[in-house]
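Enquirer: Input sequences plus hints: build the corresponding full structure.
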Amino acid sequence: MTPVRVAFSKTGSLSFISHLDLMRTVSRILVRADIGIYYTEGFNPHPKLVFALPLSVGAESVSELFDIKVEGEADCGLILSRLRREAPPEMEIRDVYVPSRKFRDIAFAEYDIAIHHKDMPEDGAERVNTLTDSPLVLTKKTKSGEAECDIREYIAALTAELREGDLYIKTRLSADAEHYLNPEYVVLAVRRGLGIEEDDIAPGGDTYSIMRTRILDGAGEDFR
Amino acid sequence: MDSKKYGSILRTVSKPARYTGGERGQVIKDKADVLCRWAFCFPDSYEIGMSNLGVRILYGALNSEPDVWCERVYTPWVDMQERMREYGIPLSAHESGDPISEFDIVAFTLQYEMCYTNVLVMLELGGIPERADERGEDDPIVIGGGPCAYNAEPMADFFDIFSIGEGEEALPELARLYIKMKADGTYSRRAFLFRAATELDGFYVPSLYRVEYGEDGTIASFEPVDERVPRRVIKRVVEDFDHAYFPTAPVMPYTEVVHDRIMLEVFRGCIRGCRFCQAGMVYRPVRDRSVETLCRQAEEMYKNTGYDEISLTSLAIDDYTCVGELTDELIKWTNENKISLSLPSLRADSFTRELMAKISGVRSSGLTFAPEAGTQRLRDAINKNVREEDILNAVHIAFEAGKSQVKLYFMIGLPTETDEDVLGIPALAAKVIEEYYKTEGRNKKRPPQVTISTACFIPKPFTPFQWAEQISKEEFVRRQKLIADNIHDRRIKYNFHDSEVSFIEAVLARGDRRLGKVMSEMHRLGACFDAWDEHFSAERWQAAFESAGIDPDFYTRRERAPGEIFPWDVIDVGVTKKFLLSEYEAAKASRPSKNCREGCSGCGALVYGGDTLCRKMRG
Ligand code: SF4
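Chains A and B supply the protein sequences, listed in that same order.
All residue numbers for the first sequence refer to the working numbering, where the first residue is 1 and numbers rise by one.
All residue numbers for the second sequence refer to the working numbering, where the first residue is 1001 and numbers rise by one.
Treat the hints as calculated values from the structure; they're not laboratory data.
A couple of the hints might just be wrong.
Below, computed lysine-lysine pairings styled on DSS-like, alpha-carbon distance capped at 25 Å [claimed, not checked]:
no.	chain 1	residue 1	chain 2	residue 2
1	A	170	A	141
2	B	1481	B	1407
3	A	48	B	1481
4	B	1303	A	48
5	B	1015	A	140
Expert: Encoded structure:
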């Protein structure tokens, strides 16, 4: 039995499926790909499948990972081509390899966030760049309910620029098991900071998008 | 729905994956190559619609035509409907995202009466005029089909045309006629509908018939407006069922849907002829698929889907003569691939240890049987030829195999039912519990559990009970209470259907065109998702009946005279009214009939050709 890691992207309409839906979709891809997948034991056997990080509904990613196990040796080239054959259009299988590290070594994730608002302030970018100078207290979901929390301790980097009236943010957020920050909180904090709450959700109205671009280890290197 | 353009809206609704499309297996075509665009609407939620086998078949059959593009449409959930109205977003098709008003043909499958209000909501959201007579040359042709089309008269005002019977051959023919008339410049709505009704088999155009009513409210005459229009529309049947089109690469939903598994259609029709069952009559003649075809389809579907369950669908699966051979063949590869087999429609009288062994891989810990009635007398009257010994024998086998839960389905309010019959229901459940303790080798770790479910009997067109009265809502409630009061064992659970809902279903099932007003009124009052308990409102229906000046009891609380003209007499399903009437008489005498395998009763379905079971039996 060999552990195998799969890197993939999840974009477009696929970004709106829930984590459970993704599990189900990937399980079926694994079955169709016929790659000698290892099943869990028990009454209701299913492919053993672990995802690296959660991703909120509506967010896209070009840097997703899941781990599986296959019986015997792993032919990563074959697995890659089989998974590509079976994946839906908006799931791109980017890489398949035998991992040397565990998901618990993940420390950060990076995101590109774009925010559009009809009343975007002209100094929006400067204000976002100094946003972390003062406390950013939000109500955050935790394992034991909800708590007030200063999300600055989760933000490793946050920079913004304004292009054609839209705000483009690059941010690095902590993503280890104990301190995972959902990027939606950054969107919330920025909108609050700039006083641009979403009030027109119609097409062409106020909107935002989130793209996870990288997953990093504690040294700030790409996690593989 | 474009996930970028509508991103903000999708974030505010429940289960946005219902709307985004992009599933594997969806058909995308180049509009430049397409001459006829179909929007195939399922008037219920995505989760229900995606589970429907009939829709999968028609989607595939239409898309097999290179110049036809069929796309899927579902009823948006109420939260999404609100957004669509607020922001003026038109109802659009999954694949292209184009508004349904731009399509050539908008088709609705009518699977149950309680989805009718959704049809009107979808027309409104799609910007299509509600009534057929308000539509202009640029509006799509609105067509209905599915089981309710056998009598969709309450919806006749809103449909241009109905497809009667099986659609996999008929709908592509209709598309071809449309393309031909567009190409040679003879197309107009009127001309197209007229030619469909007069030149193709199985198409009913309600506007081509005039209905007059007598003083007592019954139909006095139901006549074509033109002598070229057929007096009766003959339902379509796929004669060569073994070789008929069957989709083996279905669209794969991302989100969980109701039936997320491989569905094999083993046969159509039913040899039994239970007297309350419409499906058993309208899907005649009985046709089956060969083991070879079914095994090939199952394997192809497994490769294309990765599903871990194969369900053998059909009305009474163990009536399939080759069920043993089929399950033997399937089990050769399903077990090692961890696929479970399920047979959702088991008959207690043909349930065997061998069959049990093959489905023991099924994950659920229970089995379901449908005795339908509590006493042998009533089971004879409804022609449900299952004996108490059969049921006890079947549960015995299930208990032996380690199962501890049994579900028993019944109907209450069946014609000729007495309190004795009603009391037979809890009594049978108690005997099942006793049987559990008599079974050697039962699973001693779990206590037994018997769940009784009772549906309210609804008289349906094209059944021997189409003449029968439905009992009152109060009487349903009394009989439900009688059952509940006579359960003295905590291991027996009791569920029952809401009689208010069944009453409305009964009105619509045997309704006529005058109910169109009620449907319009329901739409005006905001009705939608009436099939969902939380959205059904008996008060709203009452208000709609009142403002339309319709007495619903006319449709339910009335024994019809043998000679009454029914709104659905215009449809010819093969099975004759004469046969149905003789069956009704037999019911009143509590006399069962033989099933088709024991001998042909001459129901009328023999008019259809092809390699049907009826023909095989006649030699
Ligand atoms: S024609 Fe005879 S065999 Fe065929 S369905 Fe009718 S009764 Fe059964």
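Enquirer: If a hint holds in the structure, say so; if it does not, say that too.
Expert: Against the structure, the hints come out as follows:
| no. | hint | in the structure |
| --- | --- | --- |
| 1 | A:170 - A:141 | holds, 23 Å |
| 2 | B:1481 - B:1407 | holds, 19 Å |
| 3 | A:48 - B:1481 | violated, 49 Å |
| 4 | B:1303 - A:48 | holds, 20 Å |
| 5 | B:1015 - A:140 | holds, 22 Å |
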